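Student: For reference, the chains in residue letters:
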Amino acid sequence: MGRPSFDQPFVIGRVASATGDVPAVSTQLELTDYLGSLKVRFSINRMKYTVDPGLYAVGHPDKDSPVLVTGNYKTSFDHVRRALHGRDVWLLVLDTKGVNVWCAAGKGAFGTNELVARINSIELPKIVGHKKVILPQLSGPGIAGYIVKQLTGFRVIYGPVEAIDIPKFIDNGLRATSEMRQKDFPITERIVLIPVEVIQSIKYVLLVAALCFLAGGLLHTADFWNKAVAGAKFGLYASMCAVVGGAMLTPLLLPWLPGKAFSMKGMAAGFLVFVVLITWWYIVYGHQLSLIQILAYLFIISSGSSFAGMNFTGCSTYTSLSGVKKEMRIAVPIQIVAVVVGFGAWVGAGFIS
Amino acid sequence: MQKLTYLKDVVTLSLNQEKCTSCGACLEVCPRNVLARNNGSVDVVDRDACIECGACALNCPFGAISVKAGVGCAMAVINSALGRKGSCCCNTDTKDYNMDKQPSSSCGC
Numbered sequence: 532m533g534r535p536s537f538d539q540p541f542v543i544g545r546v547a548s549a550t551g552d553v554p555a556v557s558t559q560l561e562l563t564d565y566l567g568s569l570k571v572r573f574s575i576n577r578m579k580y581t582v583d584p585g586l587y588a589v590g591h592p593d594k595d596s597p598v599l600v601t602g603n604y605k606t607s608f609d610h611v612r613r614a615l616h617g618r619d620v621w622l623l624v625l626d627t628k629g630v631n632v633w634c635a636a637g638k639g640a641f642g643t644n645e646l647v648a649r650i651n652s653i654e655l656p657k658i659v660g661h662k663k664v665i666l667p668q669l670s671g672p673g674i675a676g677y678i679v680k681q682l683t684g685f686r687v688i689y690g691p692v693e694a695i696d697i698p699k700f701i702d703n704g705l706r707a708t709s710e711m712r713q714k715d716f717p718i719t720e721r722i723v724l725i726p727v728e729v730i731q732s733i734k735y736v737l738l739v740a741a742l743c744f745l746a747g748g749l750l751h752t753a754d755f756w757n758k759a760v761a762g763a764k765f766g767l768y769a770s771m772c773a774v775v776g777g778a779m780l781t782p783l784l785l786p787w788l789p790g791k792a793f794s795m796k797g798m799a800a801g802f803l804v805f806v807v808l809i810t811w812w813y814i815v816y817g818h819q820l821s822l823i824q825i826l827a828y829l830f831i832i833s834s835g836s837s838f839a840g841m842n843f844t845g846c847s848t849y850t851s852l853s854g855v856k857k858e859m860r861i862a863v864p865i866q867i868v869a870v871v872v873g874f875g876a877w878v879g880a881g882f883i884s
Numbered sequence: 191m192q193k194l195t196y197l198k199d200v201v202t203l204s205l206n207q208e209k210c211t212s213c214g215a216c217l218e219v220c221p222r223n224v225l226a227r228n229n230g231s232v233d234v235v236d237r238d239a240c241i242e243c244g245a246c247a248l249n250c251p252f253g254a255i256s257v258k259a260g261v262g263c264a265m266a267v268i269n270s271a272l273g274r275k276g277s278c279c280c281n282t283d284t285k286d287y288n289m290d291k292q293p294s295s296s297c298g299c
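Those protein sequences? They're chains A and B, same order as listed. Each residue of the first sequence is one higher than the one before, starting from 532 at the first, in this note's numbering. Each residue of the second sequence is one higher than the one before, starting from 191 at the first, in this note's numbering.
It should be emphasised that the hints constitute simulated quantities derived from the structure, not laboratory data. Computed from a prediction, not measured in an experiment: that's the story for all the values here. Glycine residues also receive a C-beta, built at the ideal position from the N, C-alpha and C atoms. Please note that the accuracy of each hint is not assured.
Here are the computed lysine-lysine pairs in the DSS-like style, where the Cα-Cα straight-line distance is at most 25 Å [to be verified]:
{"hint": "1", "chain 1": "A", "residue 1": "Lys594", "chain 2": "A", "residue 2": "Lys734"}
{"hint": "2", "chain 1": "B", "residue 1": "Lys193", "chain 2": "A", "residue 2": "Lys791"}
{"hint": "3", "chain 1": "A", "residue 1": "Lys734", "chain 2": "B", "residue 2": "Lys275"}
{"hint": "4", "chain 1": "B", "residue 1": "Lys258", "chain 2": "A", "residue 2": "Lys857"}
{"hint": "5", "chain 1": "A", "residue 1": "Lys680", "chain 2": "B", "residue 2": "Lys198"}
{"hint": "6", "chain 1": "B", "residue 1": "Lys258", "chain 2": "A", "residue 2": "Lys791"}
{"hint": "7", "chain 1": "A", "residue 1": "Lys628", "chain 2": "A", "residue 2": "Lys570"}
What follows is a list of derived Cβ distance ranges for each label pair [unchecked claim]:
{"hint": "8", "chain 1": "A", "residue 1": "Ile695", "chain 2": "B", "residue 2": "Asp233", "range": "44 to 50 Å"}
{"hint": "9", "chain 1": "A", "residue 1": "Arg686", "chain 2": "B", "residue 2": "Gly230", "range": "44 to 50 Å"}
{"hint": "10", "chain 1": "B", "residue 1": "Asn229", "chain 2": "A", "residue 2": "Asp538", "range": "29 to 35 Å"}
{"hint": "11", "chain 1": "B", "residue 1": "Asn229", "chain 2": "A", "residue 2": "Val807", "range": "50 to 56 Å"}
{"hint": "12", "chain 1": "B", "residue 1": "Asn229", "chain 2": "A", "residue 2": "Ile730", "range": "48 to 54 Å"}
{"hint": "13", "chain 1": "A", "residue 1": "Thr563", "chain 2": "B", "residue 2": "Phe252", "range": "56 to 62 Å"}
{"hint": "14", "chain 1": "A", "residue 1": "Ile730", "chain 2": "B", "residue 2": "Cys213", "range": "43 to 49 Å"}
{"hint": "15", "chain 1": "A", "residue 1": "Leu682", "chain 2": "B", "residue 2": "Asp233", "range": "27 to 33 Å"}
{"hint": "16", "chain 1": "A", "residue 1": "Arg545", "chain 2": "B", "residue 2": "Lys198", "range": "50 to 56 Å"}
{"hint": "17", "chain 1": "A", "residue 1": "Lys579", "chain 2": "B", "residue 2": "Lys198", "range": "17 to 23 Å"}
{"hint": "18", "chain 1": "A", "residue 1": "Arg534", "chain 2": "B", "residue 2": "Gly230", "range": "42 to 48 Å"}
{"hint": "19", "chain 1": "B", "residue 1": "Gly253", "chain 2": "A", "residue 2": "Arg545", "range": "42 to 48 Å"}
{"hint": "20", "chain 1": "A", "residue 1": "Asn651", "chain 2": "B", "residue 2": "Gln207", "range": "45 to 51 Å"}
Excised from the complex, chain B in its bound form (with noise of 0.2 Å):
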């Protein structure tokens, strides 16, 4: 069956070709193939596949991944618009991946 994929021209992922050293940390984690190797440098193949989960730019040792990482719920959309909190999955506390910071990943349930 062919791959699933959601909305188009969408996703927040960007790949910084300065930072990135190739060492395919990213390529490990990425459960959607969004990325890959192209003679020797890693590269967005499929961006409309990303989920923004944010895996490759919290592996990413040198900040070359930037993304605006949360869940895709429509009721943890809800939930934040109400401002309820507490519940796990409940909320779209977004971890904003930019390159030279790294969040610090905090959990609210």
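Chain A on its own, in the form it takes in the complex (with noise of 0.2 Å):
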């Protein structure tokens, strides 16, 4: 295990420590650090915006200092150090591969064994005098706080679950309210997942505008090119209004759609969208659409925004496997058999008209 590298954007000085010298770091953040974060939720570079592991001072810290634990994904440390602004305390950065300290615990990456590794490899008995180490509360789920106290002698002290509670809970005697301990899930927290969502959901828009080219075309070879459009348009159409509905407006309207299924309410919001699709040509084309092109479009696109809206479980704070587990097995066979009645009703008219 190596030590944290001196040439990073943020360090801005060394503090000297009993096992040599250590990189100090920024409480401010600059442009390129909010840059950073904003490319991570638009899906770029998300899996390898990291900074290095190891030992780090914030102010000037000593022997009686605090130390503070926290993953290498840079969101997250940026988010620590900016907290600890006027703070003298040490902070150690576990590998975590660039994942955040909650889904790292999750995957056992911020975990036990590699946090007794680095307690041991940058030699924490010499740096401070006392025996605790502050983890984020988050990283419960990968960490066995009384190992680590009979592996390192260091008492793990949970933290609060938000960076910027850190002052307060220092000030409190490393005593965390109620408040600190919950982890909810509001409306900022959801709409700054809904870019990811969005791109990564492109490919199926694409792949089904293709299958639907395909069989436009393939169906009635008479007419290729013009029904293999047409095919393209309504998979575009269909698919784009399932994005629209699961991957953003299930996330914004999460906690006031109907159900508590989140397969239930990615339908209901992809509904929602279909009522609007078909309202809007309504007025501005007229009577376009037979009805059974109209139950082609209602299939596909709520079976598509149920998808994705239980998709969005794994971005969600608040659901558990065995809750997933349940909902999957009722809701994937009836998106299965609504999306195979939509292209079966797509395919009808198409040969009806």
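Combine the two chains into a complex, taking the hints into account.
Tutor: Structure (structure tokens):
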């Protein structure tokens, strides 16, 4: 395990410790930090947005200063250092492979073994006189506090869920209030997740459009190009509406959509988009679609939106694996049937018209 | 705003009162206020809020909590069903925290 490089943009100096100089980090974020986080939110360089693992200093810590632990996803690291403005603390960064604290803990990368190995490799007992390390609360699924204590002598103290509460937590004698311990899912946290959801859906939209292009053309070989283009348009409209419903409206309107299951919420959002689409087309073009074509749109949009909404379970903060399995056992067969019926209706409509 | 909760009566969490010493380690790590201290002893007070993250069981020194821990993610369930491995958050390898034995938490990503 090497030491973190001094040649990282947020390093503003060096602080002496018992085991050598440690990089000191800025507590102010620069434009590049905000742009980096923004890019990640748009799925650019998302899995490689990292800082070097190892020990850093904030302010001028000494042997009595608190030791805070975080992961090496740069956005997490930035949140922590910004929260520590004006403080003197040691910041120990674990190698979580660029993944945020909670997900890394769930997968074991932010785990007991990594923490113990890191405490040993930086020789923490030589650097501080006390025997406490402060961890983000959401690292709990990966860390067995009592085993860390057995193996290193350091007592794990779980800090608040949010980095912004760290100063209050420290001033409060390393005690978190009940509010600091709760993970909610407010609208601001849901909105920032939308771009990645949409970008990851694009490949499905293109796939559906391509399949509808082929199906349209091959079912009407006499008029291949016209029918293929009409097919691609249908596929594009229907799947884009499904994305708007499942990947945009579902996160946005989550608490207000009906049902507890995300597949249900996604279906409701898809239905909403379907109604808007058909109404808009009716106003603009008049009676253009047959009933069976409208049904084709209804089934494809609501099932696609239901599927995309169901996938948002993985981004949400309040779903359980048992619950997801339960809803999938019911929702996935319904989604499959709805897709088949929808495409059947569309193919049928093609022959009827 | 009220706490968002997921499906009712599905989670695998259970607390063995005989092994519990009311040390409170679980109360520190639960991000959903599922557990609380009642007249000195720890109790499950909001089961349906549990997300099966496994933090309480992993941090219980007495093996008093059992839960089938995993990620509540539909794509992970699909990836597991299709046998896909590799990328992070890709599958539903559950850690079965059973009283008595501690699981090895290995990472496949």
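Student: The structure should be examined with respect to each hint, and the outcome stated for every one.
Tutor: These are the hints, each one checked on the structure:
The hinted pair formed by A:Lys594 and A:Lys734 fails the criterion: a straight-line CA distance of about 53 Å is larger than 25 Å. Between the alpha carbons of B:Lys193 and A:Lys791 the distance comes to roughly 13 Å, so the proposed pair stays at or under 25 Å and holds. Pair hint A:Lys734 plus B:Lys275 holds up; C-alpha atoms about 20 Å apart against a cutoff of 25 Å. Restraint check for B:Lys258 and A:Lys857: the C-alpha separation of about 14 Å stays at or below 25 Å, so the hint holds.
At roughly 36 Å between alpha-carbon atoms, A:Lys680 and B:Lys198 are farther apart than 25 Å, so this suggested pair is violated. With a C-alpha separation of about 21 Å, the suggested pairing of B:Lys258 with A:Lys791 holds against the 25 Å cut-off. Only pairs whose Cα atoms come within 25 Å are accepted, and A:Lys628 paired with A:Lys570 is accepted, the gap being roughly 18 Å. Distance hint check for A:Ile695 and B:Asp233: the Cβ-Cβ separation is about 31 Å, which falls outside the suggested range of 44 to 50 Å.
Between A:Arg686 and B:Gly230 the CB atoms are about 23 Å apart, so this pair departs from the stated range of 44 to 50 Å. Between B:Asn229 and A:Asp538 the Cβ separation comes to about 57 Å, which falls outside the hinted range of 29 to 35 Å. The hinted range of 50 to 56 Å is satisfied by B:Asn229 and A:Val807, whose Cβ atoms lie roughly 54 Å apart. Taken as a hint, the range 48 to 54 Å holds for the pair B:Asn229 and A:Ile730, whose Cβ atoms sit roughly 51 Å apart.
The hinted range of 56 to 62 Å is not satisfied by A:Thr563 and B:Phe252, whose Cβ atoms lie roughly 48 Å apart. With their beta carbons about 45 Å apart, A:Ile730 and B:Cys213 fall inside the hinted range of 43 to 49 Å. At about 31 Å, the CB distance of A:Leu682 to B:Asp233 agrees with the hint of 27 to 33 Å. Between A:Arg545 and B:Lys198 the C-beta distance comes to about 55 Å, which sits within the given range of 50 to 56 Å.
The hinted range of 17 to 23 Å is not satisfied by A:Lys579 and B:Lys198, whose Cβ atoms lie roughly 40 Å apart. At about 47 Å, the CB distance of A:Arg534 to B:Gly230 agrees with the hint of 42 to 48 Å. For B:Gly253 paired with A:Arg545, a C-beta distance near 45 Å keeps the hint of 42 to 48 Å intact. A hinted range of 45 to 51 Å is violated for the C-beta pair A:Asn651 and B:Gln207, which are about 37 Å apart.
When held up to the earlier numbered hints, the structure conflicts with 1, 5, 8, 9, 10, 13, 17, 20 and fits the remainder.
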